[in-house]
Amino acid sequence: MVEGAPLKTRADKPPPPQLAVKMLSPIFQSFARRKEKQSHVPAEKRTLRTSLTGPDFHRSMLTELGVLYGREITNVVRNPALLALHLFVSLLMALLVGGVFQNVKDDISGIQNRQGAFLFSVAFFSLASLSALEAFITERIIFTQEGSGKYYRTISYFLPKITLDALFLRILPAVVYSCIMYWLMGLRPDGAKFLLFLIIMVMVAMTAGEVCSCISLITASVGVANFLSIVVMLLMILFTGALVNSDKITPGLQWLLKLSFLNYAFEVLMTSQVEGLTILFQPSGFPKPVPVKGEVVLDTLGQHSERRTADTWALLAMVVGYLLLAWLLLMLRVCMASRLKVHKDRAPPPAVAPPVESAGDV
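Residue 273 in this note's numbering sits at position 273 of the sequence shown, and the numbers go up by one each step.
Quick caveat, the hints were computed from the structure, so don't treat them as lab data.
This one's a predicted model, so the numbers in the text were calculated from it and none came from an experiment.
There's no promise every hint is true.
As the list claims (entries may be wrong) - Here are the simulated lysine-lysine pairs, BS3-like style, with alpha carbons at most 27 Å apart:
1. Lys248 with Lys288
2. Lys105 with Lys193
3. Lys288 with Lys105
4. Lys293 with Lys193
5. Lys105 with Lys293
6. Lys258 with Lys193
7. Lys258 with Lys248
Please build the complete structure, drawing on both the sequences and the hints.
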């Protein structure tokens with residue numbers, strides 16, 4: 001060792017590349033290098049185009065969507081277990097429910113069976129949507145680092161994540177379930193009514209998945225998100241209108257019916273299947289059954305067929321509303337991560353300890 005030469009410490013070594021950039025694919029590393037060459041556009045010179053696209057984004061949104069859709073599809077192909085499980089369980093439940101309530105009749109027992117089948121169906125897809133909790137929690141570090149680093153727009157990450165989750169884990173299982181359960185149970189053989197049943201089941205699955213996505217974006221762990229989601233879904237099930245008569249609920253709690261998307265779905269399913277039927281009511285001890293119109297039975301149960309169109313639009317509005325809410329929550333998380341990154345970059349560097357002299361230099 002040369003006398004008088006200070007020992008090399010860790011501070012003398014060049015810092016290693018950032019872990020986030022190192023783990024990215026070559027195209028995203030290209031995103032990062034090109035971003036560093038761009039200059040900041042002053043506020044007074046910004047146009048509508050730069051305000052919408054942002055000066056930090058060099059590529060078009062279509063390019064980002066193409067890359068991120070490809071990444072999500074690759075993840076599904078590499079890990080198909082969750083998709084296969086959703087489809088298998090939906091198939092199994094459709095056969096089970098269709099077998100239990102097979103050849104439903106137009107009598108009081110048939111009304112009870114319809115209520116039970118519809119309640120189980122909407123509850124099943126609500127609880128099955130808890131699988132949406134994991135996506136935004138397990139990848140939180142990735143999208144906050146990439147989003148705050150301006151590798152892509154937040155909407156470019158959000159659309160592939162939410163649309164592919166809806167297609168593979170919400171829509172496909174609901175279609176499989178509906179196509180089997182509806183005809184096996186012996187519901188009304190009408191193409192329009194079957195299509196309405198299918199659409200309602202798809203919207204229930206999508207809304208439940210979006211609710212779980214919103215919960216995952218405001219919680220810190222999978223355990224907390226799982227507990228909150230179960231509580232929310234149980235409250236939704238409580239106010240479906242199957243466990244309690246909607247017209248007999250305490251006036252102070254009527255507003256909870258408006259918040260339950262399962263309430264709208266259940267009323268559409270019941271009214272579309274019972275309206276126009278003649279229900280045979282035969283109490284014990286009566287020699288002949290008494291014919292009762294389906295509308296009378298529905299009114300007695302607190303279900304009103306005149307609200308079916310409004311219920312369908314309300315459910316569709318909830319699909320769109322929870323989708324926008326999830327996007328806003330993701331934007332908020334990325335903005336918070338960006339602010340933390342700016343404060344961290346502006347912080348003064350830590351003081352470097354003076355070089356340590358060896359005993360031979362003294």
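In rising order, the numbers of the hints this structure does not comply with: The structure breaks only hint 1.
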